[in-house]
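Those sequence lines, one after another, are chains A and B.
Quick note: the first sequence, position 338, residue 338 per the working numbering, numbers continuous.
If you want the working numbering, it's the position in the second sequence, counting the first as 1, plus 493.
Calculated directly from the structure, the hints in this document are not laboratory data.
It cannot be assumed that every hint is accurate.
Take a look, some chain B residues computed to stay more than 12 Å from chain A by CB distance [unchecked claim]:
(1) Q506
(2) F516
(3) Y545
(4) I629
(5) N679
(6) F840
(7) I843
Simulated pairs of lysine-lysine, DSSO-like, Cα-Cα distance not exceeding 30 Å [to be verified]:
(8) K726/B with K312/A
(9) K503/B with K513/B
(10) K292/A with K744/B
(11) K49/A with K12/A
(12) K744/B with K359/A
Ideal Cβ placement from N, Cα and C applies to all residues, glycine included.
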Amino acid sequence: MANDHVSWRIKKGEVHALLGENGAGKSTITSILFGLLQADSGEILVDGKSVLIHNPNDANALGIGMVHQHFKLVPSYTVTENIILGLEPKTAWGHINYQRARSKIQEISHQFGLAVDPDARIANINVGMQQRVEILKTLYRDARIIVLDEPTAVLTPQEIDDLMQIILRLKAQGRTIIFISHKLKEIKTCADQVTVLRRGKIVGSADVSDCTEAQLAEMMVGHAVEFVTQKDAPTIGNVVLRLENISVKSMRGSIAVKDLSLSVHAGEVLGIAGVDGNGQSELALALSGVVKPVKGKIYLDEVDVTSFGVRKRVEMGLGLTPEDRETQAVISNFNLAENYVLKTFYRNPYSSVLGFLNKKKISDDAQVQLENFDVRSANGWRSSISELSGGNRQKVVVAREMTIASKLLVVCQPTRGLDVGSIEYIHRQIIAQRNAGKAVLLISFELDEILNLCDRIATISHGSIVGIIDAKDATRQQVGQMMTASHKETVVG
Amino acid sequence: MNMKKVNSSKLVQFVDFSIKNEFIMSVYVILLGFFLSTVLLYLVGLKPSVMYNTIVQTITGYDFSKYRFNARYIGTWLTNSMPLILTGLSFNIALRSGFFNIGAEGQFIIGLTFAQYFAFLLPPVMGVTGIVAVIIGALFAAGWGAIVGWLRGRYQTSEVVLTIMFNYIAFYFSRWFSQKYLPGANSYRADNFPQEALLANSWFQSITNGSLLNNGLFLVIVSLIVYHIIMEKTKWGFSLRASGFSPLAAKFAGIAPVRSAVVAMAGAGFFAGLAGGIVYLGSFTFANVIRAQDQYGFTGIAVGLVSGGSAIGTLLSGLFFGLLNAAAPLMQSRGIPREIATMISAFVVIFIALSTGIKLRLGQWVIKAKNKEKEMD
Chain A
1 MANDHVSWRI KKGEVHALLG ENGAGKSTIT SILFGLLQAD SGEILVDGKS VLIHNPNDAN
61 ALGIGMVHQH FKLVPSYTVT ENIILGLEPK TAWGHINYQR ARSKIQEISH QFGLAVDPDA
121 RIANINVGMQ QRVEILKTLY RDARIIVLDE PTAVLTPQEI DDLMQIILRL KAQGRTIIFI
181 SHKLKEIKTC ADQVTVLRRG KIVGSADVSD CTEAQLAEMM VGHAVEFVTQ KDAPTIGNVV
241 LRLENISVKS MRGSIAVKDL SLSVHAGEVL GIAGVDGNGQ SELALALSGV VKPVKGKIYL
301 DEVDVTSFGV RKRVEMGLGL TPEDRETQAV ISNFNLAENY VLKTFYRNPY SSVLGFLNKK
361 KISDDAQVQL ENFDVRSANG WRSSISELSG GNRQKVVVAR EMTIASKLLV VCQPTRGLDV
421 GSIEYIHRQI IAQRNAGKAV LLISFELDEI LNLCDRIATI SHGSIVGIID AKDATRQQVG
481 QMMTASHKET VVG
Chain B
494 MNMKKVNSSK LVQFVDFSIK NEFIMSVYVI LLGFFLSTVL LYLVGLKPSV MYNTIVQTIT
554 GYDFSKYRFN ARYIGTWLTN SMPLILTGLS FNIALRSGFF NIGAEGQFII GLTFAQYFAF
614 LLPPVMGVTG IVAVIIGALF AAGWGAIVGW LRGRYQTSEV VLTIMFNYIA FYFSRWFSQK
674 YLPGANSYRA DNFPQEALLA NSWFQSITNG SLLNNGLFLV IVSLIVYHII MEKTKWGFSL
734 RASGFSPLAA KFAGIAPVRS AVVAMAGAGF FAGLAGGIVY LGSFTFANVI RAQDQYGFTG
794 IAVGLVSGGS AIGTLLSGLF FGLLNAAAPL MQSRGIPREI ATMISAFVVI FIALSTGIKL
854 RLGQWVIKAK NKEKEMD
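All chains, please: the whole structure from these sequences, using the hints.
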């Protein structure tokens with residue numbers, strides 16, 4: 001049972017945050033509100049009246065609109081077509097009246113400052129804009145209560161700021177917002193009231209202005225949380241990774257990484273800060289060996305590994321957690337042990353010379369490491385990875401890559417979509433790797449994560465490094481400015 | 494009240510257990526196929542008991558209407574099942590690697606074409622020539638499959654389109670090649686095979702009262718074992734399964750996608766090619782110039798879909814479809830059109846296709862029912 005006798009009140013015209021870790025039952029509650037699931041017992045009241053919500057149409061009729069975490073848009077349709085889908089205004093002849101739809105969309109967009117182009121195709125607009133289309137969709141259907149499910153998970157820092165502004169404007173115009181998140185800073189910024197959910201039960205409701213972030217975190221996790229990872233001064237060693245003027249093409253064929261040079265030393269965490277889409281993904285692909293750079297050289301321990309594939313780089317001691325855990329890092333039909341050896345199953349001691357898998361050794365090693373990394377699962381290594389929460393899945397990936405990374409560990413968005421407890425744990429592990437004398441390269445869109453973990457911070461913009469600074473002297477503002485600045489003269493720190 | 498609750502929870506447990514077990518689902522689907530066929534026979538005024546009698550007779554060799562035993566029926570059943578088990582393996586090894594192999598038909602044809610050719614070419618050694626010829630034919634079919642795998646892996650061409658087209662190429666290639674290179678060939682047959690090249694096994698024939706059961710049976714058993722070992726026990730099977738479940742994650746883990754595609758499709762070609770050789774060196778005494786596609790490859794898709802992907806599943810599923818094939822002529826002789834047998838297999842395939850949806854629905858029902866029970870406690 002995901003929710004256990006939850007009672008919850010939301011006032012008209014407020015921004016009400018629903019806070020909870022992954023798996024706490026936030027999504028279940030909202031699915032019930034939107035008619036995707038039915039409550040086994042209890043009732044829902046809107047404006048004091050008991051209502052039955054059997055499906056999303058009932059929810060729409062009651063003025064409840066939902067923006068899902070994963071957008072429900074048709075990529076090949078225009079903004080207008082997506083918004084009117086299922087509710088098309090007709091002309092006298094029975095055709096779709098695009099003109100009327102268009103002007104209504106423009107009017108709403110203007111009213112709430114959404115700046116949405118009604119004729120743009122979804123495939124051609126960025127994620128932040130797509131989200132605004134989703135919000136517009138609910139407004140077009142006259143939603144009075146708008147549910148935003150983890151709206152910032154996919155956004156860049158700038159887009160998050162924009163969204164906060166939009167939420168405040170919606171509130172100013174009398175709409176009620178339910179804001180689901182596990183990010184404390186955002187809740188502090190925009191919410192009036194917060195309800196904390198843990199293991200399907202409400203632990204408390206409070207005025208946001210009355211609580212600190214630390215108090216909210218403690219309510220959510222159930223124990224005190226450290227936001228700053230403890231670390232000593234780094235012991236810097238030799239250069240482990242050296243990138244020499246590498247250029248990498250994106251999937252679309254344009255140059256995404258341009259003449260990028262960078263060195264990472266043993267015993268340090270070098271962070272790459274930047275707004276999403278500035279070549280981070282392509283840089284990670286080139287480091288992993290999945291994509292070959294079109295120009296330049298990659299040296300690992302002064303060995304030219306530019307032409308090496310994934311497997312040869314693994315053998316050289318390169319561990320890498322890819323940015324998209326679900327599609328790039330794990331195989332959901334495999335169990336934990338199989339996922340643990342996904343990169344090393346083919347070699348001694350996991351496979352014999354004749355190619356037979358040593359299943360005993362695989363499961364024994366996996367079990368030890370799963371315990372070391374505090375992976376919580378129902379059946380140990382036998383559990384299917386799809387049964388695990390996001391945080392535990394990421395721990396499996398991190399366990400695997402840290403075991404492989406004898407020299408260099410590259411972590412891309414290591415805590416994306418994870419709850420506070422898992423983030424804290426993974427951060428400690430990353431510092432432990434650095435303390436063990438490995439070189440660590442951290443690619444992240446979360447500025448706080450970069451500032452917390454790194455010894456040096458490099459900022460990336462338009463596929464090139466625009467500056468490197470020592471993390472000791474770095475401030476949020478400074479790094480933020482570097483991120484958004486266009487090409488400056490490279491500062492080497 | 495209390496009684497009722499116990500009953501309902503037993504039903505819930507039963508459904509819960511059933512939908513989580515591939516094998517049991519397959520059995521249900523087959524039973525459902527027979528049930529529909531029974532209804533159909535009633536509706537058209539025929540006796541379903543005749544159908545069941547025929548089925549039982551094909552499995553046991555015992556004719557309950559005449560109280561006579563004839564082992565030949567069992568032999569015919571096994572002979573019919575052999576190529577279907579192999580084309581089922583062909584489909585399964587590709588499917589578990591993430592590819593939909595429609596090409597077993599063409600791979601079957603390449604296998605039989607070269608098996609026939611080498612049956613004449615190889616030095617005649619009793620009991621060996623035939624088997625070696627079949628294996629060489631299968632190797633050619635593996636190469637044939639590998640071409641598709643390479644095109645799929647390297648250029649992302651749809652393997653479904655490729656294999657369908659390759660089936661046509663294989664068919665016309667086989668007719669041209671056989672007429673040109675087989676001794677004494679005309680437009681439909683060539684010379685008799687040398688005795689040594691036949692797969693016939695006189696001991697099998699004697700215990701099954703002169704059926705066509707032959708040495709191909711050994712190849713089928715070895716194939717099942719090899720398939721099981723490769724897929725479940727070796728690093729190659731691990732690579733293939735990883736690519737099959739998630740090509741992208743496999744690529745990120747250093748499993749070369751092109752190689753996986755080539756290996757999977759070559760394996761598929763090998764099994765289907767073996768089937769071709771076994772049918773043509775096992776059931777004929779003369780070389781054929783094929784005039785039509787035999788449908789073993791296409792039935793193999795059904796065998797694979799029903800099997801759930803394991804070696805044991807493929808064996809049982811192949812035996813089931815082989816049973817329908819073997820029983821069809823017998824049914825016909827007793828007044829039930831052979832189309833009925835084909836319809837049973839069609840019903841089974843349709844229900845297998847529906848089973849994902851049915852499982853989903855039943856799964857939701859189980860969760861709801863369990864929640865309700867919890868609340869009553």
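Now for the hints, and whether the structure bears them out:
no.: 1; hint: Q506; result: 19 Å, holds
no.: 2; hint: F516; result: 18 Å, holds
no.: 3; hint: Y545; result: 39 Å, holds
no.: 4; hint: I629; result: 24 Å, holds
no.: 5; hint: N679; result: 47 Å, holds
no.: 6; hint: F840; result: 29 Å, holds
no.: 7; hint: I843; result: 25 Å, holds
no.: 8; hint: K726/B with K312/A; result: 24 Å, holds
no.: 9; hint: K503/B with K513/B; result: 16 Å, holds
no.: 10; hint: K292/A with K744/B; result: 13 Å, holds
no.: 11; hint: K49/A with K12/A; result: 14 Å, holds
no.: 12; hint: K744/B with K359/A; result: 22 Å, holds
Checked against the numbered hints above, the structure violates none of them.
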